[in-house]
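Engineer: Residue strings, one per chain:
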Amino acid sequence: MKEITAIIRRDKLPETKRVLEELGYPSLTIQSVEGRGKQKGAMCAEMDSEMPDSFCTAVKLKPTPSAYAIEHTLPKIALYVPKRLLTIVVPDDVVSKLVKSIIKVNQTGKAGDGKIFVSPIEGALRVRTGEHDGEAIT
Amino acid sequence: MKMIRAFIRPEKEQEVVLALEGAGFPSLTKMPVFGRGKQKGLQVGPVHYDELPKTLIMTVVDDPDVSKVVGLIQDKAKTGFIGDGKVFISPVDAAYTVRTGEAKL
Numbered sequence: 630m631k632e633i634t635a636i637i638r639r640d641k642l643p644e645t646k647r648v649l650e651e652l653g654y655p656s657l658t659i660q661s662v663e664g665r666g667k668q669k670g671a672m673c674a675e676m677d678s679e680m681p682d683s684f685c686t687a688v689k690l691k692p693t694p695s696a697y698a699i700e701h702t703l704p705k706i707a708l709y710v711p712k713r714l715l716t717i718v719v720p721d722d723v724v725s726k727l728v729k730s731i732i733k734v735n736q737t738g739k740a741g742d743g744k745i746f747v748s749p750i751e752g753a754l755r756v757r758t759g760e761h762d763g764e765a766i767t
Numbered sequence: 002m003k004m005i006r007a008f009i010r011p012e013k014e015q016e017v018v019l020a021l022e023g024a025g026f027p028s029l030t031k032m033p034v035f036g037r038g039k040q041k042g043l044q045v046g047p048v049h050y051d052e053l054p055k056t057l058i059m060t061v062v063d064d065p066d067v068s069k070v071v072g073l074i075q076d077k078a079k080t081g082f083i084g085d086g087k088v089f090i091s092p093v094d095a096a097y098t099v100r101t102g103e104a105k106l
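Just so you know, the sequences run in chain order A and B.
When you line the first sequence up against the numbering used here, it's residues 630 to 767, in that order.
When you line the second sequence up against the numbering used here, it's residues 2 to 106, in that order.
No wet-lab data here; the hints were simulated from the structure.
Careful: at least some of the hints might be erroneous.
DSS-like cross-link-like pairs, simulated, lysine-lysine; straight-line CA separation at most 27 angstroms [as the list claims (entries may be wrong)]:
{"no.": "1", "chain 1": "B", "residue 1": "Lys-41", "chain 2": "B", "residue 2": "Lys-69"}
{"no.": "2", "chain 1": "B", "residue 1": "Lys-3", "chain 2": "A", "residue 2": "Lys-729"}
{"no.": "3", "chain 1": "B", "residue 1": "Lys-79", "chain 2": "B", "residue 2": "Lys-105"}
{"no.": "4", "chain 1": "B", "residue 1": "Lys-77", "chain 2": "A", "residue 2": "Lys-669"}
{"no.": "5", "chain 1": "A", "residue 1": "Lys-726", "chain 2": "B", "residue 2": "Lys-87"}
Calculated from the model, a selection of chain A residues having no Cβ within reach of chain B, i.e. all distances over 10 angstroms [claimed, not checked]:
{"no.": "6", "residue": "Val-718"}
{"no.": "7", "residue": "Pro-720"}
{"no.": "8", "residue": "Asp-722"}
{"no.": "9", "residue": "Ile-745"}
{"no.": "10", "residue": "Pro-749"}
The beta-carbon is built from N, C-alpha and C at its ideal position, and this holds for glycine as well.
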């Protein structure tokens, strides 16, 4: 079993859900998270199309120097972009298929498309029936 | 690659994040979480707080950087009092960048 953790744009969530459903893996957990990548959350206008302009202007005006910031040449506060985090637990053999589909749906070519992580899961249990491992995630 | 999940005090978040940025690890995801530890929450006089707010910082780094990042988090998040939080490290098989479709961080 593998866990696929995908951090994606908020506006791509419905489409991603639809694609996963078509592939036969509708079960997922969704979390609202904030995060940033290499761009340090600064390019919000390009990164998230639904971000209001006023917010972006405020962000662009932000860098107020503090002692720490001058020392490390950093902005005073860290900035984040809102994202959706999906967690899907699937059998090993479908991981690459699902990852490819998620990438295909979420790709816009601009910074802020997100990341996908694949990590091992050692066990699973369906609480209702007590089924273990493979049976629990089908 | 390893995923580092750090449960820290919400008020220490900015300090930790800026320190990580200064060390060359700007990428992370954060979320507010609630939980309790060994002390089963917090007792203030007659009031018992069972679940305390924490910030969960999640970041994926290459294996050689793990100890450096964990050290930085510990350094910045530490107050020496109960409730400073925990850091968990778990394996990550693969990481993909959606924009390029490449299998690397």
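Engineer: Test the statement that Val-718/A is away from the interface with chain B: the closest C-beta pair must be farther apart than 10 angstroms.
Structural biologist: Answer for Val-718/A: holds, closest chain B Cβ roughly 13 angstroms.
Engineer: With a cut-off of 27 angstroms on the C-alpha distance, tell me whether Lys-77/B and Lys-669/A pass.
Structural biologist: Holds. Lys-77/B to Lys-669/A sits at ~19 angstroms (cutoff 27 angstroms).
Engineer: Could you let me know if the closest chain B CB is still more than 10 angstroms away from the CB of Asp-722/A?
Structural biologist: Holds, since 14 angstroms exceeds 10 angstroms.
Engineer: Are the Cα atoms of Lys-726/A and Lys-87/B separated by 27 angstroms or less?
Structural biologist: Outside the cut-off at roughly 34 angstroms; violated.
Engineer: At 10 angstroms, judged by beta carbons, does Ile-745/A keep clear of chain B as stated?
Structural biologist: With a cut-off of 10 angstroms, Ile-745/A comes too close to chain B, as the shortest Cβ separation is near 4 angstroms.
Engineer: Please work out if Lys-41/B and Lys-69/B have their alpha carbons no farther apart than 27 angstroms.
Structural biologist: 31 angstroms, violated
Engineer: Taking the shortest Cβ-to-Cβ distance between Pro-749/A and chain B, state whether it exceeds 10 angstroms.
Structural biologist: 6 angstroms, violated
Engineer: Does Lys-105/B sit within 27 angstroms of Lys-79/B, going by the straight-line distance between their CA atoms?
Structural biologist: Given pair Lys-79/B, Lys-105/B is violated - Cα atoms ~32 angstroms apart, limit 27 angstroms.
Engineer: Going straight from one Cα to the other, do Lys-3/B and Lys-729/A come out at no more than 27 angstroms?
Structural biologist: Holds - the C-alpha atoms of Lys-729/A and Lys-3/B are around 22 angstroms apart, at most 27 angstroms.
Engineer: With d taken as the least Cβ-Cβ distance between Pro-720/A and chain B, does d exceed 10 angstroms?
Structural biologist: 14 angstroms, holds
Checked against the numbered hints listed earlier, the structure breaks hints 1, 3, 5, 9 and 10; every other hint is satisfied.
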